[in-house]
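Throughout, our numbering is defined as the position within the sequence shown, counted from one, plus 46.
These are computed hints drawn from the structure, not numbers from a lab. In this text, all values refer to a predicted model and were calculated from it rather than measured experimentally. Careful, some of the hints might be misleading.
To be verified - Distance condition first, Cα-Cα at most 20 Å in a straight line; then the derived SDA-like pairs of lysine to any residue: (1) Lys119 / Ile70; (2) Lys119 / Leu75; (3) Lys82 / Ile70; (4) Lys124 / Thr63; (5) Lys54 / Lys125; (6) Lys54 / Gly72; (7) Lys82 / Arg50; (8) Lys125 / Glu84; (9) Lys124 / Pro88; (10) Lys124 / Leu75; (11) Lys54 / Ala110; (12) Lys82 / Lys119; (13) Lys82 / Val48; (14) Lys82 / Gly49; (15) Lys54 / Ala116; (16) Lys119 / Thr63; (17) Lys54 / Gly136; (18) Lys82 / Thr63; (19) Lys124 / Asp98; (20) Lys82 / Ala110.
Said to hold, decoys possible - Computed Cβ-Cβ distance ranges for the label pairs, DEER-style: (21) Leu85 / Val59: 28 to 38 Å; (22) Leu142 / Ile90: 14 to 24 Å; (23) Arg50 / Pro88: 17 to 27 Å; (24) Leu121 / Gln96: 32 to 42 Å; (25) Lys119 / Lys82: 12 to 22 Å; (26) Leu142 / Asp83: 26 to 36 Å; (27) Arg103 / Trp65: 27 to 37 Å; (28) Trp92 / Gly49: 25 to 35 Å.
From the three backbone atoms N, C-alpha and C, an ideal C-beta is built for every residue, glycine too.
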Amino acid sequence: MVGRRPGKHSLLVANHTSWLDILILGGALRSTFVSKDELGHPLIHWLADQNDTVYVRRTHRKGARDQATAVAKSLEGKKPVTIFPEGTTGPGTHLLPVRSTLLEA
Numbered sequence: 047m048v049g050r051r052p053g054k055h056s057l058l059v060a061n062h063t064s065w066l067d068i069l070i071l072g073g074a075l076r077s078t079f080v081s082k083d084e085l086g087h088p089l090i091h092w093l094a095d096q097n098d099t100v101y102v103r104r105t106h107r108k109g110a111r112d113q114a115t116a117v118a119k120s121l122e123g124k125k126p127v128t129i130f131p132e133g134t135t136g137p138g139t140h141l142l143p144v145r146s147t148l149l150e151a
């Protein structure tokens, strides 16, 4: 990362190339994250809960406004919030299509 460290009311939009992105951004910036609700493994979900993760239901497009409100509320907290708009990891060589209804809300 180059430049000034983001403050507590910052929304970071990042390319997601690996699960390491979460460890690095979470560790270096103390960021919380916006994540799909269906994380899969209960341990991963529990770890995300410990970091005040904001969950979105990608299958519930009509709830995007409520989800945007949840992100806005999280931005009032003490940590920056990171969103990966591609909605999945990619090779990092190019951007994948943006799948975030949340950014449209």
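Hint check:
1. Lys119 / Ile70: Since the Cα atoms of Lys119 and Ile70 sit roughly 24 Å apart, the hinted pair is violated (cutoff 20 Å).
2. Lys119 / Leu75: Holds, at about 19 Å.
3. Lys82 / Ile70: holds (19 Å)
4. Lys124 / Thr63: Violated, because 26 Å separates the two Cα atoms, which is more than 20 Å.
5. Lys54 / Lys125: holds (4 Å)
6. Lys54 / Gly72: Answer holds: Lys54 to Gly72 is near 13 Å, not above 20 Å.
7. Lys82 / Arg50: violated (28 Å)
8. Lys125 / Glu84: Violated - the C-alpha atoms of Glu84 and Lys125 are around 23 Å apart, more than 20 Å.
9. Lys124 / Pro88: Distance ~26 Å between Lys124 and Pro88 Cα, so the pair is violated.
10. Lys124 / Leu75: holds (11 Å)
11. Lys54 / Ala110: This hinted pair is violated, its Cα atoms lying about 23 Å apart.
12. Lys82 / Lys119: holds (17 Å)
13. Lys82 / Val48: Distance of about 28 Å is beyond 20 Å: violated.
14. Lys82 / Gly49: violated (29 Å)
15. Lys54 / Ala116: Within the cut-off at roughly 16 Å; holds.
16. Lys119 / Thr63: violated (27 Å)
17. Lys54 / Gly136: Cα-Cα ~28 Å, so violated.
18. Lys82 / Thr63: Holds, because 16 Å separates the two Cα atoms, which is no more than 20 Å.
19. Lys124 / Asp98: holds (11 Å)
20. Lys82 / Ala110: holds (12 Å)
21. Leu85 / Val59: 28 to 38 Å: violated (20 Å)
22. Leu142 / Ile90: 14 to 24 Å: This hint holds: roughly 21 Å between Cβ atoms.
23. Arg50 / Pro88: 17 to 27 Å: violated (37 Å)
24. Leu121 / Gln96: 32 to 42 Å: violated (19 Å)
25. Lys119 / Lys82: 12 to 22 Å: holds (19 Å)
26. Leu142 / Asp83: 26 to 36 Å: Hint violated: Cβ distance 20 Å, outside 26 to 36 Å.
27. Arg103 / Trp65: 27 to 37 Å: For Trp65 against Arg103, whose Cβ atoms are near 21 Å apart, the range 27 to 37 Å is violated.
28. Trp92 / Gly49: 25 to 35 Å: Taking Cβ atoms as reference, Trp92 and Gly49 lie about 33 Å apart, which means the hint holds.
The structure fails hints 1, 4, 7, 8, 9, 11, 13, 14, 16, 17, 21, 23, 24, 26 and 27 (numbered hints given earlier, in ascending order).
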